[in-house]
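Add chain X to chain C, keeping to what the hints say.
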Amino acid sequence: MALRKPPLRAVHDGRGAKFTEFGGWDMPVEFDSIRDEHTAVRESVGIFDVSHMSEIRVSGPDATALMQRLTSNDVTRLDPGDSQYSTITDDEGTILDDTVVYRLPLDDEHDEDDDPTYLFIPNAGHDEQMYDRWTEFRDDWDLDATVDDVTEEWAMFAVQGPDSPDLVGDEAGSAVLDLSKFQATWADVEGARCLVARTGYTGEDGFEILCPWDAAEDVWSAFDCQPCGLGARDTLRIEMGFLLSGQDFDPESEPRNPYEAGVGFTVKLDTEFVGRDALATVKEEGIDESFVGLTLLDRGVARAGYELTDEDGDVVGHVTSGTMSPTLGEAVALGYLPTELAEPGTRVNVVVRGREKRAEVTETPFLNQ
Amino acid sequence: MSFEVPDDLRYMESHEWTSTDDGSVRIGITDFAQDELGDVVFVELPGEGDEVTHGEEFGVVESIKAVSDLYSPVSGTVTAVNEDLFDQPELVNEDPFGDGWMLEVDPSDRDALDELLSADEYRDQIE
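Chains as they are written, first to last, in the UniProt record's numbering: chain C, 1 to 369; chain X, 1 to 127.
Just chain C, same shape as in the assembly:
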């Protein structure tokens, strides 16, 4: 299958980026050096092309009902311009994907009396699956809502780091500086109307900017800072302990519910949604396994798929993500362990190429923000 290309594929290639396949997309993994890109975001500012992320728009009189019944968080808490992190679960409560749900801000054509319009951001390659899911349930439940897959209408960039407010404020207008975390507004960048949100996946202050696909080059070029690839995006999110869909949870290879995955805060059991009843039972009975952070005490790097053993050498869990933390200079990892071993400070081993390396369960985020 041919890889999907972000609008700036050729621009990134010209800049000397290396590429990787991710979620069916051909994306820049590294522009200069993962370490340099990572450090730019932690210490100043960097920009990521995340146009591989999916975008689904949901509008109409029953848009709120449809969103509420297919996501675990409570969309009725969103005012115009608010967003929330949420999960999409199946009947069993297993996470199909995680997402940010935006209730779009008001504009000239939409005032407070209109029905809310939502835009949610499934992970790369999940757009078709989520479009189908939304339209099928809409039809089953006989709801009046319009669902559009707008993934290839919107490019998405993330400008992240402590200096991002200065840069984004200069280019998008100072109104963006008034945004609280998880708030969004419409703003013009280089004459293009963009959705600018104070969201991100790095743990730093920052903005995510959705812009029309055909304005992508102008908007990207407006932010003069270190371009960053998916490599640095991964090391930054691992340092924060943030989940990666398809890796730290996956309905096929790593089936997990939100409580096991450490995102129980996205589950609002007082709302009705697919998976709610199963998750109520999980909450009552507790979880056998928990998502943990790990720091290696011996030399080595823990990687996805490596086994975790206890003091007796018995396999008790596995790593789902791991890297050498560029900020800490330590090997850090994320994975699942029996809940009784999930307490920070607990000693376990990571099996690296047949050899046990000592590790310690560590509270996430690994960085003291």
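Careful, some of the hints might be misleading.
Unchecked claim - Simulated pairs of lysine to aspartate or glutamate, EDC-like, Cα-Cα distance not exceeding 16 Å: (1) Lys357(C) / Glu44(X); (2) Lys268(C) / Asp13(C); (3) Lys18(C) / Glu44(X); (4) Lys357(C) / Glu311(C); (5) Lys18(C) / Glu36(X).
Claimed, not checked - Just so you have them, the derived chain C footprint on chain X, three or more residues with Cβ under 8 Å: (6) 37-46; (7) 64-70.
As the list claims (entries may be wrong) - Far from chain C, some chain X residues (derived; all Cβ distances over 12 Å): (8) Arg26; (9) Gly49; (10) Glu51; (11) Thr77; (12) Asn82; (13) Asn93; (14) Ser108.
By construction, these hints were calculated from the structure, which means they are not laboratory data. Beta carbons: idealized from backbone N, C-alpha and C, even for Gly.
Showing chain X alone in chain C's frame:
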């Protein structure tokens, strides 16, 4: 992008180099290889006195994004290990043919060095 390929070294298709010095030869990975890997964060090497075999794994180099096996260009006995790499694995990126060397090996069959790729042949491979 052009990569350094010193004329006086011999090369493996898997991007390791060896010197052809009298006595022990030096082994490392090429400039092309370090660039492909990106930031090297960890190197696992055999110890002094261990045997390595031509074409077989002798260690592992890990960058932030990838784990890569190292294949020995020669058969023989390890006479020195670059222990600086344990604390400064980034030397592999900074100076792959110099301070980023990995092993010194006393080759058991010196003639086998002639069968490795020449600098020109290796240049053709990576272009």
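Going through the hints against the structure:
Simply put, lysine 357(C) and glutamate 44(X) have alpha-carbon atoms about 13 Å apart, close enough for the 16 Å limit, and the pair holds. Proximity of lysine 268(C) to aspartate 13(C) is assessed by CA-CA distance (about 44 Å); at most 16 Å being required, the pair is judged violated. Using a Cα cut-off of 16 Å, the hinted pair lysine 18(C) and glutamate 44(X) is violated, with the two alpha carbons roughly 26 Å apart. With a C-alpha separation of about 11 Å, the suggested pairing of lysine 357(C) with glutamate 311(C) holds against the 16 Å cut-off.
For the suggested pair lysine 18(C) and glutamate 36(X), the alpha carbons sit about 9 Å apart, so the restraint of at most 16 Å is met. Residues of the stretch 37-46 of chain X lying with their CB closer than 8 Å to a CB of chain C number 5, which satisfies the three-residue condition for coverage. A stretch counts as covered by a chain when three or more of its residues have a beta carbon under 8 Å from one of that chain; for the stretch 64-70 of chain X and chain C the count is 3, and the coverage holds. Distance check for arginine 26(X) against chain C: the nearest CB is about 23 Å away, which clears 12 Å, and the non-interface claim stands.
Separation of glycine 49(X) from chain C is adequate, the least Cβ-Cβ distance of about 20 Å exceeding the 12 Å criterion. With a closest Cβ-Cβ approach of about 19 Å to chain C, glutamate 51(X) is found to remain outside the 12 Å limit, as its non-interface label requires. The claim that threonine 77(X) lies off the interface holds: its Cβ sits roughly 23 Å from the closest Cβ of chain C, which is beyond the 12 Å cut-off. The beta carbon of asparagine 82(X) is kept farther than 12 Å from every beta carbon of chain C, the shortest such distance being approximately 15 Å.
The beta carbon of asparagine 93(X) sits about 8 Å from the closest Cβ of chain C, which is not more than 12 Å, so the claim that it is off the interface is violated. Every CB of chain C is more than 12 Å from the CB of serine 108(X) (nearest about 26 Å), matching its label as outside the interface.
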